[in-house]
Amino acid sequence: MDDHPADARPGAPEPPPPAEITAILRAAEAGDREAVDRLFSILYGELRHIAHRQLRQVPAERTLSTTALVNEAYLKLSRGASWSARDRSHFFSIAARAMRMILIDRARSRTRGRRGAGVRPLDLDAADIPVEERAAELVALDEALDRLGAVDEDLARLVEWRFFAGLSVDEIAALSGRSVRTLKRHWQTARAFLFQELNASGPAS
Amino acid sequence: MTGGTPSWAAVRALFEEIVEAGPAERSRRLGELDDPALRGAVERLLEAEARAGGFLETPAAALAGELLDDESALEDATLPERLGAYRVLGRLGRGGMGEVLLGERADGLFEQRVAIKLLRRGMDSEDVLRRFERERRILARLEHPHIARLSDGGAAPDGRPYFVMELVEGKPITVHCRERRLSMEDRLRLLLDCCDAVSAAHARLVVHRDLKPSNVLVTDAGQVKLLDFGIAKVLASEEEVGETGVTRGEMRLLTPAYAAPEQVLGEPVTTATDVWTLGALGYELLTGTLPVRREAREAAGLAASVERETLERPSARVARTEPEKLPLPEPTPRERKRLERRLSGDLDNILATALRREPERRYPSVAALAADIRRHLSGRPVSARADSVGYRTSKFLRRHRLAVSAAALVLVSLLAGFAATVWQARRAEAQARAAAAAARRADAVKEFLIGLFEIADPEQSGGSVPARDLLDQAGRRLRTELSAQPDVQADLLEAVARIDRALGRLDPAEDLARRSVAIRRGLPDAGGDGMGRSLGTLGAIAMDKGRLDFAEHQLTRALSIVEARDGADGLAAARIRSDVAQVRFWKGDAAGAEKLERSVYETYRRTLGDEHVQTATHLRNLAVLLDELDRVDEAERAYRTSQATLEKKLGTEHPNTAQSYVNLASLLDIRRGQDAEAESLYRRALDARRKALGPTHRAVGQTLQLMGLFYLNQARYEESEARYREALEIFRAIDPKHFEIGKVKNGLALVASRQGRYAEAEAGLQEVETLFREVLGESHPFTWMAMGNRAFQIARQGRLAEAEKLQRTVLERLRALNGAESGEALDAESALAETIRQIGRPEEALPMHRRVLEKERAMLGKTGGATVALGQFQVAADLLAIGRPEDRPEARTLLDAAAASLSKRSPPHWRMAEVVAASAKAR
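Chains as they are written, first to last, in the numbering used here: chain A, -4 to 200; chain B, 12 to 934.
Source of the hints: derived by calculation from the structure; they are not laboratory data.
Even for Gly, the Cβ is constructed at its ideal location relative to N, Cα and C.
One or more of the hints may lead you astray.
Across the chosen pairs, the derived CB separations fall in these ranges [unchecked claim]:
no., chain 1, residue 1, chain 2, residue 2, range
1, B, L90, A, E15, 31 to 37 Å
2, A, E15, B, T567, 49 to 55 Å
3, B, G233, A, R176, 18 to 24 Å
Just a few of them, taken from the derived set where beta-carbon distance is under 7 Å, the chain B residues facing chain A [unchecked claim]:
no., residue
4, W19
5, L56
6, A63
7, P70
8, A71
9, P853
Interface residues of chain A toward chain B, partial, derived using beta-carbon atoms under 8 Å [stated by the list, open to error]:
no., residue
10, E29
11, Y39
12, A46
13, A63
14, N66
15, E67
16, L70
17, G144
18, V146
19, L178
20, R180
21, L189
22, Q191
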């Protein structure tokens, strides 16, 4: 009966209970597009919420751990539900996709008017480069990743898991049931593809 | 599909097939293709792969914080118009700490443009403001031609602090060098300018802490300017810095690639930190690449990668880097070769010295680094030297310490170590058992784990700082520090807990392990590998403390986690199972332990093969259990097989091989009565350990102690005492409070006691008891077993009432700690009953001794040997003391059995004379 719940947060409605999440997840696995979208939007909201909470708690934090975000969302949404390996794998796929979209959406809004400036290969280690420029690189990567997804969905998903969600190869191996060795080889392929794409679309160095 | 666009599937398949192949194999495979389009596509992909470097290896997490921080987006819109006396003209950039604005004096007094560093929201806490005020005053006095001067500072209307700094129009030093294609000499001169500036700051006790190319600008005129002493701290007030919490948060503000190891690990920051970062800057200027690659972005991953890091010599780095990426006049292999030669030698050594992992091993000051660079530039010999082989070896061990100590070898050799002396204990009476029980806990795990600890810290092995002090300090620091990085904290707590455990410091070990578990419970990955490790360690510690139910519970939990993550038949699960086997063994279930350990051995055999050291080590554990189960032939075969493998793989002088000698010696000595071969094996073990570990290593002390026990039971008291005294010196030098000292003194007391010097034995055991009480505490059985030993000496001196009182206490405590049916409690009960008989109440003693004998028979069966024989003797002695004629036949039978058992060995058991005397009385 409380009109103003204490933890009301604009833009972050309380996610459905785990049982409902499980139902949505299963429907999504069965190919229900609507369920996929619904789960995606729940995860999108939840991940953003967790990220912002973390940033508020530790304002000096620059390097949010996306892995921790995704894992926290997993723990929260799956609480008490018993999910099969397939469920978990599916959940993390969608979460990784959501993480990608969150980052890319923000990157786009940070790069307004900066596009077309020539895109260098993404090197997030280069601390000298201002965030706007790196954001532009991220947006370019996103587009290249779309092109990869068009020819090879499998590899594109791997990039989402590893690069955007920050999952380790071991974690991905556990989720996907593939060997670490296979995944490393796939990763090499995906990376080479994207590197080639990005270098083809921008002026050389 | 010839011609046209090749299918991605075909490109990918071929790429993945040959990407790992050598160049010859690659061109052969590509040459076979009759589809030029496919070939071209794969070649392009291969080329991209070769050039991709670290592309995408850093997860997007590196940007997430900045991208998602809506508040910083909000700051975009609301630049303050004025800050103090300055008008804000625009924004120059944004960094982790906030943004940098362009300003000019608003009062028109000077036509001077300045850079204003406005800290971001969230950095305006009281702490930051207080420290900011203090630093502002210090930094404002820091004047040097190569340091961008801090001129002013204050708080913005919204409370955010700002610094006003000299505006430097320049480029990052790396960009400057690249664009101007500067020579190596010019680059080194710029680096020297940086060194001079930092050195000047150090003279004022200011450490930069965050040197990186974006903070080191070079103007068009070629002048170096260091920016941003923004997070510099005043060295003199290090303690205060530690308390403010900002040092802990510092990690997040740093750029991982340019952070010195101690910054990543949350260790104290000193001027040596700047030596490292200047080294890193030099490395980048000279090779075009960063010295170390730090891929992880979160603290735990970074700390782990720092622990693994090794520095690649700059010349070696250059040799394997594509010419395009190197600072060469022309990107050709020939120029690369020239650069490689230019770097090898002095510059390799200089950078390696600046970039050493341990701050104390770097140049002692930035000035010393600069002096070496100057010497190099003028062609004089430099002071930097390559690491010695010995140091590299120890460094290798240090790096792999955690991995190695986690290995089954270490944990499992504990099993081998304790069981080596089981039989000696059984053969001897209660006092000897105390010594042996202590020895069996400590033996192998210490020689290995602690050996690593000592070798890894050569400075410490000289004994200048006792290990316990280091560990106390480590424990204290870990309780409070690193709380911002709880997973690292939990890892380190667990690691130190292991070392404490290996040193026999079980109380601190348990405390640290519990903290580690508690911390992990709060982490997102609470059910992960880390938790499995921490629980496993806690369980192992509890096992050492003799709290077997608790230990088994923790180990079972650890096992279920590891099995879920790693599979039931993985090595990690096998390792824990081996600990569980040990607990079962301690609980008296040797058969169950044998089954379990056999499955562990099979897992190792299946996974690593017969010829693997760890397989052999587990086979040896299995042999211990077979021996325990009276399957002596099988045990001896297993010991010998395992020993042969270890000799082959590790050589005859390896500590692990030496452990095999000790184990086989024990079997030959006790089971076979082959004293000569046993003695020769003990000697080999001693020689091996002395050679491998040095004459003062504690494993040498432990071997000496086992030999002391061997000679004691041989009634060769002089040799026994000599070995014990040697052992005593070794342990005393390591740590005057070392727990092993108690065990050695216990042995010396026994030597005295056997020779009738009971008062001396009593005094010695009083020292043992005091030591155990201090280092092990009252909840450790050894403390009470030592008291029991002392009581026995008191009884022998005829102070029976005093002895009885002590023995009652001992019995009560050991029953509470180990259970009424435990060997320790039964021994204590027997000793008490003996005193009661001597006091003159044999009727009271008899049911106690009968009970003990019955339990020991049930527990030990015919393997009970001397223990059961002594039980028989005690019952018979009670019967004779009561003196009813009808009991005599029973007494005689018991004494005959006891005598037969005790005289089997040569020399006979030391209480044989009493048995003979009783027999005479019985007839």
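We went through each hint and held it up to the structure:
1. The hinted window of 31 to 37 Å between B:L90 and A:E15 is violated, with their beta carbons roughly 45 Å apart.
2. Between A:E15 and B:T567 the beta carbons are some 35 Å apart, a value that contradicts the proposed interval 49 to 55 Å.
3. For B:G233 paired with A:R176, a C-beta distance near 51 Å fails the hint of 18 to 24 Å.
4. Hint status for B:W19 relative to chain A: holds, with the closest Cβ pair at about 4 Å, below 7 Å.
5. The beta carbon of B:L56 comes within 5 Å of a beta carbon in chain A, closer than 7 Å, and the hint placing it at the interface holds.
6. Interface hint at B:A63: satisfied, since its Cβ lies 4 Å from the closest Cβ of chain A, which is below the 7 Å cut-off.
7. The closest approach between the C-beta of B:P70 and any C-beta of chain A is roughly 4 Å, which is under the 7 Å cut-off, so the hint is satisfied.
8. For B:A71, the shortest C-beta to C-beta distance to chain A is roughly 5 Å, which falls under 7 Å, so the interface hint holds.
9. Checking B:P853 against chain A by beta carbon gives a least distance of about 66 Å; that is not within 7 Å, so the hint is violated.
10. Of the supplied interface hints, the one on A:E29 is violated, with its beta-carbon coming no nearer than about 28 Å to a beta-carbon of chain B, more than 8 Å.
11. At about 12 Å, the closest approach between the beta carbon of A:Y39 and any beta carbon in chain B exceeds 8 Å, and the interface hint on this residue is violated.
12. A least Cβ separation of about 5 Å between A:A46 and chain B falls short of the 8 Å threshold, and the interface hint therefore holds.
13. Interface hint status for A:A63: upheld, as the beta-carbon distance to the closest one in chain B is roughly 6 Å, under 8 Å.
14. For the restraint placing A:N66 at the interface with chain B, the shortest Cβ-Cβ distance is roughly 5 Å, inside the 8 Å limit, so the hint holds.
15. With 8 Å as the threshold, the beta carbon of A:E67 comes within range of chain B, its nearest partner Cβ sitting at about 5 Å, so the hint holds.
16. At about 6 Å, the closest approach between the beta carbon of A:L70 and any beta carbon in chain B falls short of 8 Å, and the interface hint on this residue holds.
17. Interface restraint check for A:G144: the shortest CB-CB distance to chain B comes to about 11 Å, outside 8 Å, so the restraint is violated.
18. Annotation: interface hint on A:V146 holds; nearest CB of chain B at approximately 4 Å, less than 8 Å.
19. Checking A:L178 against chain B: minimum C-beta separation of about 12 Å lies over 8 Å; hint violated.
20. Taking 8 Å as the C-beta contact cut-off toward chain B, the hint placing A:R180 at the interface holds, the least distance being around 5 Å.
21. Interface restraint check for A:L189: the shortest CB-CB distance to chain B comes to about 7 Å, inside 8 Å, so the restraint holds.
22. Using the Cβ-Cβ criterion of 8 Å, the hint placing A:Q191 at the interface with chain B is satisfied: the shortest such distance is roughly 4 Å.
Going through the hint list in order, the structure does not satisfy hints 1, 2, 3, 9, 10, 11, 17, 19.
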